[in-house]
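Chains as they are written, first to last, in this note's numbering: chain A, 1 to 199; chain B, 1001 to 1199.
It is possible that part of the hints are untrue.
Just a few of them, taken from the derived set where beta-carbon distance is under 8 Å, the chain A residues facing chain B [to be verified]: (1) V54; (2) S67; (3) N71; (4) Y100; (5) R124; (6) P126; (7) P128; (8) F142.
In short, the hints are calculated from the structure, not lab data.
All residues carry an ideal CB built from backbone N, CA and C; glycine is no exception.
There are 2 protein chains.
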Amino acid sequence: MKELIEIPARCGIAVEVPAGQSIRVVNTHGGQVVDMWAFRRDDPSEHMSMPHSVVTLGRIKPAVGDSLVSNLRRPVLRLVEDTSPGVHCMLFASCDPARYRLLGCTEYHDNCADNLRSAVAAHRIPLPYIPTPLNLFMNTKFDDHRVMRVEPPEARPGDRVTFRAEHDCIVALSACPQDLVPVNAHGCTPTAVAYAVFS
Amino acid sequence: MKELIEIPARCGIAVEVPAGQSIRVVNTHGGQVVDMWAFRRDDPSEHMSMPHSVVTLGRIKPAVGDSLVSNLRRPVLRLVEDTSPGVHCMLFASCDPARYRLLGCTEYHDNCADNLRSAVAAHRIPLPYIPTPLNLFMNTKFDDHRVMRVEPPEARPGDRVTFRAEHDCIVALSACPQDLVPVNAHGCTPTAVAYAVFS
Chain A
1 MKELIEIPAR
11 CGIAVEVPAG
21 QSIRVVNTHG
31 GQVVDMWAFR
41 RDDPSEHMSM
51 PHSVVTLGRI
61 KPAVGDSLVS
71 NLRRPVLRLV
81 EDTSPGVHCM
91 LFASCDPARY
101 RLLGCTEYHD
111 NCADNLRSAV
121 AAHRIPLPYI
131 PTPLNLFMNT
141 KFDDHRVMRV
151 EPPEARPGDR
161 VTFRAEHDCI
171 VALSACPQDL
181 VPVNAHGCTP
191 TAVAYAVFS
Chain B
1001 MKELIEIPAR
1011 CGIAVEVPAG
1021 QSIRVVNTHG
1031 GQVVDMWAFR
1041 RDDPSEHMSM
1051 PHSVVTLGRI
1061 KPAVGDSLVS
1071 NLRRPVLRLV
1081 EDTSPGVHCM
1091 LFASCDPARY
1101 RLLGCTEYHD
1111 NCADNLRSAV
1121 AAHRIPLPYI
1131 PTPLNLFMNT
1141 KFDDHRVMRV
1151 EPPEARPGDR
1161 VTFRAEHDCI
1171 VALSACPQDL
1181 VPVNAHGCTP
1191 TAVAYAVFS
């Protein structure tokens, strides 16, 4: 059974995914970016790392069958299913208070970095820094190997990705609260997503 | 006066660059990759950060005039001169012992991560993790926004880049010791480079 649990718009969660089990992330309404991190249960200083995965995979967007690796270059999560158009981003820092200040916010704005901090604190995971997330469904493109642009996600309602844990992991997810630039679709409207952990 | 100081092949250094002063990196023999990091002198936990710079700049290769920003999204180093073809890489983790083990090395191999560790230790900078470096002159390219390939650097002998410090910084440089895959030119032969700090 794959019981789907909702992550409300703008919110984050962290959940244990034992080795060999899978975590599925569903883009309930389509067009929503979800920041994803994974930490090894037995030593959270080892975590899924995008700049190491880019080197190992020779790719800046993961494909089904790819194992994303840690900062020690060991497999952490393997992408085993992707019904979306397969457009994700491995290059962007998650949004954080500094990002929203630069975008003109004078008051606190929900953000993926703080969602991660809150979510992993419940699992007693120390977080000396924010690893670069796998930005699920985020639609970044490049011109001439140089200039980058962000377009609304191509993911449709119900599109999903599934990852199998290569080790006991704590996986964190944040339904990105970005509503000032078109990272999310529906006119920059953050929406809820859902996830399930299953054998 | 710009007195050039040599960094021997496979080696690293760290040097103080006061606010307003500049650091120049010269590709003495051409075709050599140089990993670069910068830490704020007054709080080294704030450092030049590639995944944050990518978002701020909207670019995956810095252009003259660009300020690379920190993990708090504040300017750290501004690229003020680039006589090379302007091909650098902001996406790759630096080479490290795990990378060389995966490439088949059974004995210790010089690597940029350890070069950074040794170089900043002399400045008493704690290093709880290795930030993604700016891989100067590294020639990474992308196909269809997905697949990545690494080709030998296009930088010619004497090509140089110059950065002005926006704050008092410790800047670290490592002449990349990669000799197993064609990250460096001359048949994967690491060579010496040089640098100068000046007003």
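Status of each hint after checking the structure:
1. Checking V54/A against chain B by beta carbon gives a least distance of about 5 Å; that is within 8 Å, so the hint holds.
2. Restraint check, S67/A versus chain B: the minimum CB separation of about 13 Å is more than 8 Å; hint violated.
3. Against a cut-off of 8 Å between C-beta atoms, the interface hint on N71/A holds, since the closest Cβ of chain B lies about 7 Å away.
4. Violation of the interface hint for Y100/A is found here, the shortest Cβ-Cβ separation to chain B being roughly 10 Å, above the 8 Å cut-off.
5. For R124/A, the interface hint is violated, since its Cβ never comes within 8 Å of a Cβ in chain B; the closest pair sits about 18 Å apart.
6. Checking P126/A against chain B: minimum C-beta separation of about 10 Å lies over 8 Å; hint violated.
7. Interface hint status for P128/A: upheld, as the beta-carbon distance to the closest one in chain B is roughly 5 Å, under 8 Å.
8. Evaluation of the F142/A hint against chain B yields a held restraint, the C-beta minimum of about 6 Å falling below 8 Å.
Checked against the numbered hints given earlier, this structure breaks hints 2, 4, 5, 6; the rest are met.
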